[in-house]
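A.B. asks: Two chains, two frames, a set of hints: combine them into the complex.
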Amino acid sequence: MYETTYHRPSSVAEAASLFGKGKEAKYLAGGHTLIPVMKQRLASPSDVIDLGKLKELIGVEATGNGVEIKAATTHYDVSTSDAVKKAIPALAYLAAHIGDPHVRHRGTIGGSLANNDPAADYPAAVLALGATVKTNKRTISADEFFKGLFTTALQDGEIITAVSFPVAAKAGYGKFPHPASRFALTGVFVAKTAGGDVRVAATGASQNGVMRVPAIEAALKANWSAGAIDGVKVSADGLLNDIHGSSGYRANLIKVMAQRAVAAAG
Amino acid sequence: MSTVKLTVNGKAVSVDVEDRTLLVQLLRENLNLTGTHVGCDTSQCGACVVHIDGRAVKSCTVLATQAAGSNVTTIEGIAKGEELHPMQAAFRDNHGLQCGFCTPGMIMSSIDIVNRHGGKVDEATVRQELDGNICRCTGYHNIVKAVLDAASRMKVAQAAE
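Residue numbers (this note's numbering), protein chains in the order written: chain U, 1 to 266; chain F, 1 to 161.
By construction, these hints were calculated from the structure, which means they are not laboratory data.
Misleading hints may appear alongside valid ones.
Claimed, not checked - 25 Å max Cα-Cα, derived SDA-like pairs, lysine to any residue:
| no. | chain 1 | residue 1 | chain 2 | residue 2 |
| --- | --- | --- | --- | --- |
| 1 | U | K26 | U | K53 |
| 2 | F | K5 | U | E3 |
| 3 | U | K39 | F | T42 |
| 4 | U | K55 | F | T42 |
| 5 | U | K134 | U | A153 |
Chain F with its partners taken away, still in its complex shape (with noise of 0.2 Å):
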């Protein structure tokens, strides 16, 4: 057993895990934050995307340990309260999704994705770079339109801030 120290969502939290414990089992079965999915648990669907430090990972092939003293945002950490994250509110109008089962590793990859292009991206881009999410209802070019729209909003708040 190890106790774990990081912060999720921007709160200190302290969980007692097994070593082997993976973080997307900490985040869900510790802390009930269920919104991280587990999709495939084989590293290829995204569905449990999460951040660490500001980067997009798996946390199905993370160990719990390894995220010690790290600082992890999920997707129930990037809306404002009530506001939706403009990713959220562009995957809502765009019709960005159908089940919605992808759609918290997709939205958290997705935000990755237009932090790191610095808001230009072009759908080549997010083609390409979608890679690691897998959909199995939308074709994915709603999901494609929704970060596309998600970019220049998103580049509009940041410049309002």
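Okay, chain U solo, but in the shape it has when bound (with noise of 0.2 Å):
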């Protein structure tokens, strides 16, 4: 690792400042992206900054309609959080299946959501349940959120605050992880908004991170059941072809944790 400064600032406007005056600053959550990737000199920066003990961006709060995680709650405290549980236990699911449990006792939801790893679990979530994030400085739609491989709508030095997330009537989340990495091979979120709309979405499949994926949307809102899926057919266009597996494969994938997903959904 090369050479850095740390800097573990006592709020997120200094933390920001510190960032403004750092050569080439990053900020560090839970670590466990950035500080491999410092480890393979892959990345340098001049001053990490420590949010992950900021106690403004810490914990899980019960909203009108949903549950709102501040940015470095970790993992292990979302996936054992009786709001979550209760709000949307699929979402609790999804946390509770995120890397081992020492990942999930350092992995926040902010640092998953800025990384935006094509293969991280969260973003599905994030997507299909049509979640908003919330910055230092405005609140983006994860419609708007999400811009392709490890590329976000965050600004330089954006600090994300919380995510907040609206009840579903139905929502379920199917992983294949990778028998190694426990990544996603593909993971697909399924969720049926209150208002009865249907949103699906991919991670660890496409080339441009995480995506929706219409044609099971279409069958799910016309008939919502894992049957339904069965007649449809998900293109391999754009998606991930590498040793772990093929395009086919996963456009395969797609299908089948979808259909794992409606059926936890119930």
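C.D. replies: In structure tokens, the structure reads:
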């Protein structure tokens, strides 16, 4: 790892100001992407600004129509939160299946979203549930937030402070974990919104990161059942094609994981 | 450089380290607590697992500065003098190790599993939750046996306290 300077600000405002002063600063939350990347010398931030201990960024609150998860809340705390389990059990299930227990004790929802790894789990839930990402500057809808591989609508220095999830009438997550890394080889989150709309998001599948799957959405809107997906054709165009799975294999996984997600959603 | 103050195995320590120092390096190189191992160094094998404020974490993926102000427990901190922790005793009794390299991390992870589940663990849970610890000798069978054995011993020990 190259040399760096560590900072532990006491507020989001101080963190943003430190970021502005750093030559090439990076925010650190759980550190389970940034630190490995720094160890490989693929990143060499001049300054590392730790958001992980900011009390204003930790916690889960029940809201009028769902839950708001503050950005530095760990996957473990989301998976065991009574408020999350009550409002959106599928979200607690998703958090409980990220990485391994040690990763879940450190990794955070804000860190996962800001990084937008194409095989991360949370982006699928955020996109399918139509969540809202709150930052220190504005709120961003899920549809506007994800901009492709490791790319988001966040501006330089902008900090995610919370994610607000509306309750869904039905929601489920199906994931085929990579046997070694536990990243999603393909994961599909299905949601029927309170208004009756259907949103389906797949992660781990597309070359451009998390994506909606309109063909499956249409089938589920007509008939909310795993069987309704049997006849759907999912195109392999633009899907990841690597040593772990061909694009055709992933296209099929999207269908199968969507079916499992619908079965889990009930 | 930063001065990192933290509690390790119940003792307050203060160490001057470069900001890029990992927690596992502070433990091994500054405090000579070499029971915590570095296996893969890529956050996968779990040989470096310690507890920070009671939660199992991979100390190769935490900066020493991030742990400032925390309570860290390593494999050296769990026995009571000559008396092994019930998890250590169960690993010995069930032949839960061969070469022993992964064992400190296995034991720290396993204590965390039992604690989180309040002692109520079954084989499936143990196998699922040892996901982040890799052993290349045993095939895991005796490790799982040891954890289940320890879970009942820890329950008895807690009830006696």
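A.B. asks: Could you run down the list of hints and mark each one as holding or not?
C.D. replies: Here is how each hint holds up against the structure:
Note on K26(U) and K53(U): the hinted pairing holds, with a Cα-Cα distance of about 16 Å set against a maximum of 25 Å. Of the pairs offered as hints, the one joining K5(F) and E3(U) holds, with about 20 Å between alpha carbons and a cut-off of 25 Å not exceeded. Proximity of K39(U) to T42(F) is assessed by CA-CA distance (about 8 Å); at most 25 Å being required, the pair is judged to hold. Among the hinted pairs, K55(U) with T42(F) is inconsistent with the structure: their alpha-carbon atoms are about 29 Å apart, more than 25 Å.
With a CA separation close to 12 Å, the supplied pair K134(U) and A153(U) stays within the 25 Å bound.
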